[in-house]
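Enquirer: Heads up: the protein sequence lines correspond to chains A and B, in order. Start counting the first sequence at 1; every next residue gets the next number (the working numbering). Start counting the second sequence at 1; every next residue gets the next number (the working numbering).
It should be emphasised that the hints constitute simulated quantities derived from the structure, not laboratory data. Take the hints with a grain of salt, since some may be wrong.
Claimed, not checked - A few chain A residues that face chain B, going by a derived Cβ cut-off under 8 Å, partial list only:
#1 Ala67
#2 Thr216
#3 Met266
#4 Tyr269
Claimed, not checked - List of simulated lysine-lysine pairs, PhoX-like, C-alpha gap at most 25 Å:
#5 B/Lys72 / A/Lys209
#6 B/Lys187 / B/Lys104
#7 B/Lys40 / A/Lys189
#8 B/Lys104 / A/Lys349
#9 B/Lys72 / B/Lys280
#10 B/Lys187 / B/Lys7
#11 B/Lys179 / A/Lys349
#12 B/Lys242 / A/Lys241
#13 B/Lys106 / B/Lys72
#14 A/Lys206 / B/Lys40
#15 B/Lys9 / A/Lys349
#16 A/Lys209 / B/Lys202
#17 B/Lys202 / B/Lys143
#18 B/Lys179 / B/Lys141
#19 B/Lys179 / B/Lys9
#20 B/Lys40 / A/Lys241
Stated by the list, open to error - Distance ranges between label pairs, derived from CB positions:
#21 A/Asn30 / B/Cys81: 38 to 46 Å
#22 A/Ser402 / B/Cys81: 51 to 59 Å
#23 B/Val100 / A/Glu426: 52 to 60 Å
#24 B/His128 / A/Lys209: 42 to 50 Å
#25 B/Lys141 / A/Asp306: 21 to 29 Å
From the three backbone atoms N, C-alpha and C, an ideal C-beta is built for every residue, glycine too.
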Amino acid sequence: MANIISRTPVREQEPATRAANFEEVCYGFNLEEAQREASRCLHCRNPRCVKACPVGIQIPNFIAAIAEGDLQMAANIIAEDSLLPSICGRVCPQESQCEGSCIVGIKNEPVAIGKLERFVGDWQLENGTAEKAVIEPNGKKVAVVGSGPAGLACAADLAKWGYEVTVFEALHRLGGVLSYGIPEFRLPKERIVEREIAKVERLGVKFEKNIIVGRTLTIDSLLDEEGFAAVFIGSGAGLPKFMGIEGENLNGVFSANEFLTRINLMGAYAPERFDTPVRRGEKVAVVGGGNVAMDAVRSAKRLGADAYIIYRRSEAELPARVEEVHHAKEEGVQFAMLTNPVAVVGDEKGWVRALRCVRMELGEPDESGRRSPVVVEGSEFELECDTVIMALGTSPNPLIASTTEGLERNRRGCLVASEEGATTREGVFAGGDAVTGAATVILAMGAGRKAAKAIHDYIRSTVDRQPTKSK
Amino acid sequence: MYQILRKVKLAENIYLMDIHAPRVAHSAHPGQFVIVRATKEGERIPLTISDFDTERGSVQIVVQTLGVSTLKLCEIAEGECIEDFAGPLGRPSDFVYENVEDLKAKRLLFIAGGVGTAPVYPQVKWLHEHGVEADVIIGAKTKELLILTDEMRSVASNLYIATDDGSEGFKGMVTGCLKELVEVQGKHYDTVITIGPMIMMKFVALTTKELGIPTIASLNSLMVDGTGMCGACRVSVGGKTKFTCVDGPEFDAHEVDFDEAMRRSGQYRTEEQRRLERYKDHKCRIGLDK
Chain A
1 MANIISRTPV REQEPATRAA NFEEVCYGFN LEEAQREASR CLHCRNPRCV KACPVGIQIP
61 NFIAAIAEGD LQMAANIIAE DSLLPSICGR VCPQESQCEG SCIVGIKNEP VAIGKLERFV
121 GDWQLENGTA EKAVIEPNGK KVAVVGSGPA GLACAADLAK WGYEVTVFEA LHRLGGVLSY
181 GIPEFRLPKE RIVEREIAKV ERLGVKFEKN IIVGRTLTID SLLDEEGFAA VFIGSGAGLP
241 KFMGIEGENL NGVFSANEFL TRINLMGAYA PERFDTPVRR GEKVAVVGGG NVAMDAVRSA
301 KRLGADAYII YRRSEAELPA RVEEVHHAKE EGVQFAMLTN PVAVVGDEKG WVRALRCVRM
361 ELGEPDESGR RSPVVVEGSE FELECDTVIM ALGTSPNPLI ASTTEGLERN RRGCLVASEE
421 GATTREGVFA GGDAVTGAAT VILAMGAGRK AAKAIHDYIR STVDRQPTKS K
Chain B
1 MYQILRKVKL AENIYLMDIH APRVAHSAHP GQFVIVRATK EGERIPLTIS DFDTERGSVQ
61 IVVQTLGVST LKLCEIAEGE CIEDFAGPLG RPSDFVYENV EDLKAKRLLF IAGGVGTAPV
121 YPQVKWLHEH GVEADVIIGA KTKELLILTD EMRSVASNLY IATDDGSEGF KGMVTGCLKE
181 LVEVQGKHYD TVITIGPMIM MKFVALTTKE LGIPTIASLN SLMVDGTGMC GACRVSVGGK
241 TKFTCVDGPE FDAHEVDFDE AMRRSGQYRT EEQRRLERYK DHKCRIGLDK
């Protein structure tokens, strides 16, 4: 192991340049770089990276295929377990999954598995087939609610098995959080997201936009009137949380969801092309430490603001991907750690003037094992700012559960579902953030695939039962 | 794509459109709204449903051109299509769930202002079809800006018109007309439902509070998605934060913080004005080239 070469650096836009545009930060590997990086893999007999991958991608195998220059083979290996490598290669928290378990990482830097996955995914988008798949239809219809990662994965598997799948999307654009949440500079929409979705369309999956299940249609109408044999709910966790502190309804206070939706879904970062406005603050405070907070703060920076992260724990506890924090710092985002807002302060016209905060220190570990922050007495101060963005997490939208009999939710508002995705209502399955609360793209994708399998089993079992069923 | 089946100019800058959207028409109830996007580059605009026809599969909206997005929407001709039309959104009016016999025992008064007349119409029509009587006050600056008066007359028990300049009906504000009905004519109302500009609804609420009449207001807050995702439509009701899109759009008017709601509605006004001027300027220059 002594002569392992160092991790291949990935080319990126210069921080000063990219902090003023919305183009993708990371350029990714070229073939030469990818092969060099692939040569660092030890091909462990008992690969820990595979175990650490939520969908169990055969990582050493696809990396070996890259090393041999057989990119089609690499793509095929990934496709056995993952539908969206170009997306997951970009947004997965590799440091706590595959790369975090990489043996090379014990003494050196781990193999850049995420960047290699992305390389293969992008190669496939450029060079893969654009033809429609030929699949024998089995005559059964399945409805999928939501076109985010969970819904796409579920729809793709079912379509491959011959089901006639229709995906219903509430917004005017497909992709769920991939479209409205994650910014262009981290996940390009036309170049990556739309083309990954096009792969699912080529499997024969139909998409209907502007359909709000729970309003335009209901789960019952899908099952009883529209002839779907089963429904998969992958409606995500779209409801923003607020702190409940004084001044939160002042002008200039936004949820990260609103700020990012205006920018990503509505294109507000390009005012010469799109009509939707977005607040361009001079000094923007983003409250929170997750990936959404990083997306919001880096977007605010790109719109020209002095941008701050306000987080109540210390840097070690930031839940965001390490790469996002690193990028944010490079771009000049300032981090106010161990700081907690207690009120938003307004001017005489009702606009934000400052964020009143207290300093925190870390006390005893809480039930999550993280040391819980405690207020430092007498530490109150005001951070002047004209915009506050709350990035405190999201919870599932209650619309579907509240309009569907027999669909149970837990106390956090998440749908109750088995490991395989079966809900408390027969014929209705669920997965992704709607079940787990806000989590990751890869977990949602994995849940969508598990549910597809369960739906397949369920429909086959009802078909077997059908002759005895009278109508 | 959603076709404009019919387009009628109701008044200066106010247009009625029937949009082909069978799924929305099928599920619509009085009090709900839709999100409309005129073009691929357009904003998502919330508009209250003003009528729907399940047989024809159409939903009616009434639009006043206020900014670039409403202007662009109103420039689309009958027979052409708009990009997106999503709904029905929000909770239906409470009376949809009430016992019709109970409703019949109530004296209801609707107070509509300007383009807010449009969403009042399906509610009064629904009540009329269920044998429930309702009075209506329509307010406008001047006679030329009154809309849907004939339609309203056909479903309302009594229709009162108030114009600021007295060009038709009662001279003055809707609140003056309301006071006249209650205090001078001795009419009694159990519930007032008001839809119109925020400022009008604020003063209706103040007046009905004084008169002791329970009142419901339908808010037209800023929204992006309209499904509970963005929180742009936050409004304080009884000291608690509510989302207009999913908790409303109808709320107890006496509990709504209208001053906050008006301030929040104006958050993008400067930007919107700038864009409107740029758009008009652009249109002018295109005109000159011809």
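Enquirer: State for each hint whether it applies.
Expert: For each hint, the structure was consulted:
1. Interface restraint check for A/Ala67: the shortest CB-CB distance to chain B comes to about 44 Å, outside 8 Å, so the restraint is violated.
2. Interface hint status for A/Thr216: upheld, as the beta-carbon distance to the closest one in chain B is roughly 5 Å, under 8 Å.
3. For the restraint placing A/Met266 at the interface with chain B, the shortest Cβ-Cβ distance is roughly 7 Å, inside the 8 Å limit, so the hint holds.
4. The beta carbon of A/Tyr269 is not positioned within 8 Å of any beta carbon in chain B (closest approach about 13 Å), and the interface hint is therefore violated.
5. Between B/Lys72 and A/Lys209, the direct Cα distance comes to roughly 22 Å. Compliance with the 25 Å bound is thereby established for this hinted pair.
6. Taken as a hint, the B/Lys187 and B/Lys104 pair is honoured in the structure, with Cα atoms around 16 Å apart against an allowance of 25 Å.
7. Restraint check for B/Lys40 and A/Lys189: the C-alpha separation of about 15 Å stays at or below 25 Å, so the hint holds.
8. For the hint pairing B/Lys104 with A/Lys349, the CA-to-CA distance comes to about 45 Å; that exceeds 25 Å, so the pair is violated.
9. A distance of roughly 11 Å separates the Cα atoms of B/Lys72 and B/Lys280; the hinted pair therefore holds under the 25 Å criterion.
10. The suggested pairing of B/Lys187 with B/Lys7 is violated, with an alpha-carbon distance near 38 Å, which exceeds 25 Å.
11. At most 25 Å may separate the alpha-carbon atoms for a hinted pair to count; B/Lys179 and A/Lys349 exceed this at roughly 32 Å.
12. Using a Cα cut-off of 25 Å, the hinted pair B/Lys242 and A/Lys241 holds, with the two alpha carbons roughly 12 Å apart.
13. For the given pair, B/Lys106 sits about 42 Å from B/Lys72 by alpha-carbon distance, which is inconsistent with the 25 Å threshold.
14. Taken as a hint, the A/Lys206 and B/Lys40 pair is honoured in the structure, with Cα atoms around 21 Å apart against an allowance of 25 Å.
15. Taking the CA atoms of B/Lys9 and A/Lys349, the gap is near 37 Å; set against the 25 Å cutoff, the hint is violated.
16. Annotation: proposed proximity of A/Lys209 to B/Lys202 is violated, straight-line Cα distance about 37 Å (limit 25 Å).
17. The suggested pairing of B/Lys202 with B/Lys143 holds, with an alpha-carbon distance near 23 Å, which does not exceed 25 Å.
18. At most 25 Å may separate the alpha-carbon atoms for a hinted pair to count; B/Lys179 and B/Lys141 meet this at roughly 18 Å.
19. Between the alpha carbons of B/Lys179 and B/Lys9 the distance comes to roughly 32 Å, so the proposed pair goes past 25 Å and is violated.
20. Restraint check: the Cα-Cα separation between B/Lys40 and A/Lys241 comes to about 30 Å, which exceeds 25 Å; the hinted pair is violated.
21. Distance hint for A/Asn30 and B/Cys81: a CB-CB separation of about 44 Å, consistent with the stated range 38 to 46 Å.
22. At about 33 Å, the CB distance of A/Ser402 to B/Cys81 disagrees with the hint of 51 to 59 Å.
23. The given range of 52 to 60 Å is broken by B/Val100 and A/Glu426, whose C-beta atoms sit roughly 35 Å from each other.
24. Evaluation of the 42 to 50 Å hint for B/His128 and A/Lys209 yields a failure: the beta carbon distance comes to about 35 Å.
25. The supplied range of 21 to 29 Å is broken by B/Lys141 and A/Asp306, whose beta-carbon atoms lie about 44 Å from each other.
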